[in-house]
Every structure is written in C-alpha cells, then in structure tokens.
Amino acid sequence: MINIDIGATAIAILTLFGIYSLMAISLNLEYGIAGVPNFGQALFVSIGAYTAGITYTRVLPLLAGLESVHPCGPTMGQALQLRSEIMAAQPLAGFINLGLTFLIAAIVSGAVGFAVSYVTLRLKEEWFLALVLLVGGETVRIVVRGADDFICSHNGISGVAQPFYFLRDPHSSSLLFMLLCLALALVAYVYSQRLAHSPYGRMLKGLRENEDVTRGLGKGISLARAQIMLIGSAIAAVGGVLFALNTGFVNTNDYVVNLTLDIWVMVVLGGIGNNRGALLGAALIAILDRFTQVGAIALNMSGSEIEFNYVRFIAFGLILLLMLRYRPTGLLPESRLTTNAHDVVRRAIGASNQPPTPSRHRDGGHPKHQGGGAMRET
Amino acid sequence: MLLELKHLRKDFGGLRAVDDVSLNVPEGAIIGLIGPNGSGKSTLINLIAGTIDLTAGQVIFAGEDISGLSADAVFHKGIARGYQEPTLYFKMTVLDNLLLPVKGQRGERPWYAPRWSTWQREERAHALAAMEVLRQVQLLPYYDTLASDLSGGQMKLLEIARALMGAPKLLLLDEPTAGVAPKLAYDIFRQIARLRDDHGITLLIVEHRLEILFDFVDYVYVMHLGNLLAGGSAAEISDHATVREVYFGD
Numbered sequence: 001m002i003n004i005d006i007g008a009t010a011i012a013i014l015t016l017f018g019i020y021s022l023m024a025i026s027l028n029l030e031y032g033i034a035g036v037p038n039f040g041q042a043l044f045v046s047i048g049a050y051t052a053g054i055t056y057t058r059v060l061p062l063l064a065g066l067e068s069v070h071p072c073g074p075t076m077g078q079a080l081q082l083r084s085e086i087m088a089a090q091p092l093a094g095f096i097n098l099g100l101t102f103l104i105a106a107i108v109s110g111a112v113g114f115a116v117s118y119v120t121l122r123l124k125e126e127w128f129l130a131l132v133l134l135v136g137g138e139t140v141r142i143v144v145r146g147a148d149d150f151i152c153s154h155n156g157i158s159g160v161a162q163p164f165y166f167l168r169d170p171h172s173s174s175l176l177f178m179l180l181c182l183a184l185a186l187v188a189y190v191y192s193q194r195l196a197h198s199p200y201g202r203m204l205k206g207l208r209e210n211e212d213v214t215r216g217l218g219k220g221i222s223l224a225r226a227q228i229m230l231i232g233s234a235i236a237a238v239g240g241v242l243f244a245l246n247t248g249f250v251n252t253n254d255y256v257v258n259l260t261l262d263i264w265v266m267v268v269l270g271g272i273g274n275n276r277g278a279l280l281g282a283a284l285i286a287i288l289d290r291f292t293q294v295g296a297i298a299l300n301m302s303g304s305e306i307e308f309n310y311v312r313f314i315a316f317g318l319i320l321l322l323m324l325r326y327r328p329t330g331l332l333p334e335s336r337l338t339t340n341a342h343d344v345v346r347r348a349i350g351a352s353n354q355p356p357t358p359s360r361h362r363d364g365g366h367p368k369h370q371g372g373g374a375m376r377e378t
Numbered sequence: 001m002l003l004e005l006k007h008l009r010k011d012f013g014g015l016r017a018v019d020d021v022s023l024n025v026p027e028g029a030i031i032g033l034i035g036p037n038g039s040g041k042s043t044l045i046n047l048i049a050g051t052i053d054l055t056a057g058q059v060i061f062a063g064e065d066i067s068g069l070s071a072d073a074v075f076h077k078g079i080a081r082g083y084q085e086p087t088l089y090f091k092m093t094v095l096d097n098l099l100l101p102v103k104g105q106r107g108e109r110p111w112y113a114p115r116w117s118t119w120q121r122e123e124r125a126h127a128l129a130a131m132e133v134l135r136q137v138q139l140l141p142y143y144d145t146l147a148s149d150l151s152g153g154q155m156k157l158l159e160i161a162r163a164l165m166g167a168p169k170l171l172l173l174d175e176p177t178a179g180v181a182p183k184l185a186y187d188i189f190r191q192i193a194r195l196r197d198d199h200g201i202t203l204l205i206v207e208h209r210l211e212i213l214f215d216f217v218d219y220v221y222v223m224h225l226g227n228l229l230a231g232g233s234a235a236e237i238s239d240h241a242t243v244r245e246v247y248f249g250d
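Each protein sequence line maps, in turn, to chains A and B.
Here the first sequence stands for residues 1 to 378, numbered as in the numbering used here.
Here the second sequence stands for residues 1 to 250, numbered as in the numbering used here.
Since the hints were derived computationally from the structure, they do not count as laboratory data.
Glycine included, C-beta positions come from ideal geometry on N, C-alpha and C.
Careful: at least some of the hints might be erroneous.
[Said to hold, decoys possible] Footprint (simulated), chain B over chain A, 3 or more residues, beta carbon under 8 Å:
1. 203 to 211
2. 225 to 231
[Stated by the list, open to error] Sample of chain A residues with no beta-carbon within 10 Å of chain B, all distances over it, derived:
3. Arg325
4. Glu334
5. Val344
[Said to hold, decoys possible] Incomplete in silico selection of chain A near chain B, CB under 7 Å:
6. Phe102
7. Arg194
8. Gly216
9. Thr292
10. Val345
Assemble the whole structure, with the sequences as input and the hints as a guide.
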C-alpha cells in the first residue's frame with residue numbers, strides 16, 4: 001500500500017487544474033468559439049516552457065547581479081547550483097524573472113500564432129492551419145531537442161524552480177504556487193468570458209458557423225482569426241511557463257502531440273465553445289492524471305508488470321469517442337446569448353407592454369410610447 | 001446610375017458561366033433578374049458581391065470601380081446580399097443574426113471587446129435598431145429564438161432583415177421566395193418593396209416566381225446561357241417572343 005497525503009494531493013491536483021485551465025481556455029477560444037482547429041497547441045505551450053528554460057538560465061543570474069554560467073555541458077551542475085541559490089536567497093530577482101518570462105513567452109507565442117494563422121487562414125480550408133501547426137509543433141520540438149543553445153538539447157534543463165522556492169518549506173511554496181496558478185487561470189477565464197460575450201465573440205462565432213456569409217457581411221475574417229490565435233497562443237504560453245515551473249524541468253519530450261490531444265480532450269469533454277466547460281474538462285483531466293499517476297506507482301510497488309500509465313491513453317481515447325458519439329456538445333453545452341443586447345430588447349418589449357398607470361401617463365402618453373422613450377434614450 | 005456592369009465575364013475552367021454581360025441598375029429601382037436554371041444569374045450575383053472573382057469586365061458602384069474587391073470590402077461599399085438557401089447563423093438567436101452585420105462596431109475589436117463599458121452603450125443602440133427592423137418584418141416576438149427554429153419563410157425574412165442592418169444602398173437577393181408558400185411569398189415581396197419605399201434601398205432580385213416578381217419590379221433583365229438575352233418592363237418581357245421561347249418553352 002502507498003500512503004497518500006490528501007493535502008499534498010489536493011494541492012497537486014489544483015495546481016494542475018490551474019495550468020490545464022489556461023491551456024483549455026486557450027484552445028476553447030481558438031476552436032470552441034472561433035472554429036480555428038489548432039492541432040499545434042503543444043507548440044504554444046512549449047514556447048512558454050522553453051522561454052522559462054532560457055530566462056531561468058540566462059536572465060535570472062543577471063537580475064541577481066551575478067554572471068551567468070552556461071547551463072549545458074560541463075558547467076551544467078554549477079549553473080544549476082547558481083539558479084537554486086538565487087531562487088532561495090533573492091526572491092525579488094525570481095519574481096522579476098518570472099514576470100519577464102510570462103511577458104516574453106506571451107509575446108513570442110502570440111506573434112507565432114498570429115503570423116502562422118494569418119498566412120495559412122487566408123487559404124480556403126482552415127484545416128490547412130491545423131496541419132501546419134501539427135507539423136510545425138513537432139518540427140520546433142525536434143529542432144530545440146537538437147540545438148544546445150536553447151535548453152541543452154535532449155538533456156533539458158532542471159532546477160526551474162517555483163517562485164516561492166525561497167520559503168524553503170515545500171508545502172507552503174507549493175500552496176502559494178497553486179494559488180498563483182489558480183489566480184492566473186481565473187484571470188484568463190474572466191478575460192475569455194468577457195471576450196466571448198462581446199461583439200467580437202459574436203463575430204468569431206459567426207466565422208465558425210459560416211465563413212463565406214460572415215465575409216459577405218463585411219467582416220475581415222483572416223485578421224479576426226489571427227487575432228484570436230494571438231490571444232489564445234499567448235494564454236497557452238503562460239500555461240507552458242507554469243507547466244515547466246510545476247515540474248521544475250524543461251524537456252522537449254513533454255511537448256509532443258500527446259499534450260495537444262490532452263488539451264483537445266479537456267475542451268471536447270467540458271463543452272466546446274463554453275469557457276466553463278473548458279474549466280470542467282481541465283478539472284476532470286487533472287483528477288484523471290493524478291489518479292493514473294498514483295495507480296501507476298501503486299502497481300509498480302506491488303511488483304506488477306502492467307504499465308498503468310497507458311490506461312491514461314486508453315481512457316482519453318474512450319472519452320473522446322464516447323463524447324463525440326453521445327454528447328458532441330460536451331458536458332456543458334455552449335450558452336447561446338452573447339452580449340447585453342437581449343436584455344436591452346427584453347426590457348424594451350417589457351416597457352412597451354406595461355399596463356398604463358397614472359404615474360406613467362400623467363402626460364396622457366400611450367403605454368407604447370414608454371417603449372419608444374426607452375429606445376430614444378440611447 | 002447606382003450599379004453598372006460592363007462586359008462581365010466569368011469562366012469556370014472551360015465553362016463560361018457569364019459571358020459579356022452589361023446592365024445598369026438605377027438608384028431606387030427594383031430590378032428583376034430572371035432566366036432558366038443554369039443561365040448564370042446566381043453567378044452574376046456572386047460576381048457583384050465579390051464572392052467569386054471576375055474573369056473580365058468591370059463593376060461600377062456609385063461611380064466607383066469595385067471590380068476585384070473582396071466580399072467584405074464590397075459590403076462596406078454598400079452592397080449586401082441574400083442567398084438562395086437561407087444562410088443564417090442557425091446556432092445564434094434571431095437578434096444576434098441581426099447584430100452581426102452592423103458596421104464599425106467598437107466591440108468587435110479585441111482590444112475593446114473585454115472592456116464591456118467601452119461598447120455596451122453602442123450595443124444598446126444597435127439592439128434597439130435591430131428591434132425596430134424585427135418589428136417591421138414581424139419577427140420581434142422571435143428575437144430570442146435560435147434561427148434554426150424559425151420556419152422557412154421566417155428565415156427568408158430574417159435574411160433580408162439581416163442584410164438591412166448593414167445599411168446597404170443596394171441589396172442583391174437570390175430567389176427570396178424559394179421554398180416558401182405563395183401567400184408568404186407575396187408578404188416577402190411586400191417587405192422587399194418597403195425596403196425601397198421606406199429605406200431607399202435599391203434592389204436587384206433573382207426570382208423564378210415571375211407572377212409575383214412582375215407585380216413589384218420596375219425593370220427586368222433576362223439571362224440565358226450566360227448571356228443577357230433581353231431587358232424591359234415586366235409587360236415587355238412577358239410579351240417578348242425569344243424570352244417566351246427560352247424561358248417558358250412557348
């Protein structure tokens with residue numbers, strides 16, 4: 001039997017939930033709302049992680065007023081010790097470095113998402129973008145794995161510490177990191193909700209439903225889709241930074257196509273086009289992830305030769321198939337209302353249907369004129 | 001002249017769908033465009049709307065050459081269109097269908113979109129304008145209904161109403177009464193006539209129901225095998241021997 005620390009497990013799951021939420025919200029904005037099939041989500045997450053790998057090894061020492069040490073090769077151990085010492089002794093440098101990492105990752109990832117989609121989405125079939133991103137993600141991964149200059153090729157970079165490492169108490173630092181992840185997920189959720197329930201969100205849904213008609217109604221569809229790819233890619237990269245910080249390790253093997261598939265499962269499971277659905281999907285997958293990890297450890301400790309980690313892939317495949325077959329809209333289907341417009345019309349109709357009352361009609365006006373008055377207000 | 005087509009040509013591979021078509025649409029007129037199936041009417045509408053590219057010729061709108069402009073640019077010039085099959089946003093409400101084509105919405109820019117206070121006032125004005133349009137086409141009780149839940153005739157009316165929200169100068173309609181019961185078809189044409197009378201919109205209408213169309217149009221063009229066969233008043237076209245031969249088989 002293995003002992004499970006309930007508190008640590010809850011923190012781990014909630015941390016993962018926050019990180020997955022960012023990834024799922026990102027894909028939901030792109031595909032769920034705008035209909036852009038991003039099959040390269042792992043690419044944008046990896047940009048965040050690789051950025052963290054670079055800033056923690058090159059920028060952090062400079063922020064701490066020290067000389068940076070080449071993180072790869074013979075000086076790998078020395079560099080690891082240096083960043084551990086800085087993260088433990090100079091929290092301010094760690095926080096500034098984290099802020100810079102978020103900023104650089106979001107800008108680079110957003111720019112890549114914008115540029116790739118703006119070029120490819122001008123073509124008739126948006127699925128071309130899906131293929132470009134799928135192949136592009138894998139190409140970038142292979143290039144980074146082979147190049148020593150980024151994250152020490154296939155060795156990766158370890159010791160990418162959480163910003164609260166300086167507390168020296170793993171429980172407290174994990175708890176605060178969890179709160180950071182949840183706070184960023186909340187910001188992304190509120191932002192996405194406001195975006196989805198705006199005229200811009202309505203236009204994106206229009207693009208998703210019928211591209212030709214939307215173009216015929218005067219909307220510049222290439223730009224609109226590239227913009228949502230910029231936003232979605234930036235959010236995914238922030239998720240990627242947190243993902244790297246959570247594992248403490250940046251390695252290209254974590255950003256394979258499987259990660260893209262995981263994020264798709266979250267969105268399809270939760271509800272395509274519904275940000276709350278994206279959160280629900282992220283929560284369920286975070287729990288499933290933890291469950292399979294614990295299951296794998298338990299099986300290994302019992303001496304079983306069964307590789308329980310593979311159960312995860314079987315479960316994800318089954319979830320996708322069952323959802324697409326029985327509930328293609330997901331557990332939480334998309335809400336149909338967009339902006340405040342429906343409330344405005346509802347109130348205007350209600351006002352025009354009000355029965356006459358002495359106070360309202362002192363001037364002898366007809367009740368219908370009340371509605372007209374409301375309309376003239378704007 | 002609001003719209004002038006000069007020697008328009010469209011080839012699809014080896015097929016010439018529109019061949020040297022020139023016609024004029026005066027401002028404030030309701031112009032019919034008729035012809036047997038495959039005569040190139042819908043292709044002509046697509047060419048004017050910028051949905052497909054021209055092979056040759058010129059489209060002059062309000063004195064400006066708009067040949068080769070994309071569909072969204074053509075819409076911004078003041079040309080809106082309806083489609084043969086209702087092409088609504090079926091998963092959106094009737095009201096959202098109407099609000100989408102409104103031009104220059106601040107809330108459609110991603111910078112402003114999450115900051116609701118920057119566009120909600122404008123959205124309110126658009127919602128009330130849409131409400132008036134819905135009242136005109138008698139769809140106001142359905143403002144909150146999904147477009148997919150409307151009847152065929154209501155869908156046609158919604159499509160016309162939607163085009164109206166873009167404040168067009170010229171509205172291109174492709175068989176606005178296709179698949180609609182005769183009585184409702186008349187109602188639709190009455191609404192179309194009101195677009196001209198109340199809003200000053202010029203209309204170019206492709207239609208097969210000549211008995212209804214001829215009651216409303218000022219002028220009719222006839223197409224056959226990609227060519228412009230004839231043009232004239234409804235009475236002249238009804239009596240045109242060649243038209244009767246190719247169109248009615250007389």
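Okay, the hints, checked on the actual structure:
Interface restraint, the segment 203 to 211 of chain A with chain B: holds (5 residues with C-beta to C-beta distance below 8 Å; minimum three). Coverage of the segment 225 to 231 of chain A by chain B holds [criterion: at least 3 residues with CB-CB distance below 8 Å; count 3]. For Arg325/A, the non-interface assignment is confirmed: its Cβ lies about 20 Å from the closest Cβ of chain B, beyond the 10 Å cut-off. Chain B draws Glu334/A into its interface by the beta-carbon criterion, the shortest separation being 8 Å against a cut-off of 10 Å.
Listed as a non-interface residue, Val344/A fails to keep its Cβ farther than 10 Å from every Cβ of chain B; the least gap is roughly 4 Å. With a least beta-carbon distance of about 18 Å to chain B, the hint placing Phe102/A at the interface is violated under the 7 Å criterion. With 7 Å as the threshold, the beta carbon of Arg194/A comes within range of chain B, its nearest partner Cβ sitting at about 4 Å, so the hint holds. The criterion of a C-beta within 7 Å of any C-beta in chain B is met by Gly216/A, whose closest approach is roughly 5 Å, and the hint holds.
The interface hint given for Thr292/A is violated, since its Cβ lies 35 Å from the closest Cβ of chain B, which is over the 7 Å cut-off. For Val345/A, the interface hint holds, the least distance from its beta-carbon to any beta-carbon of chain B being 5 Å, beneath 7 Å.
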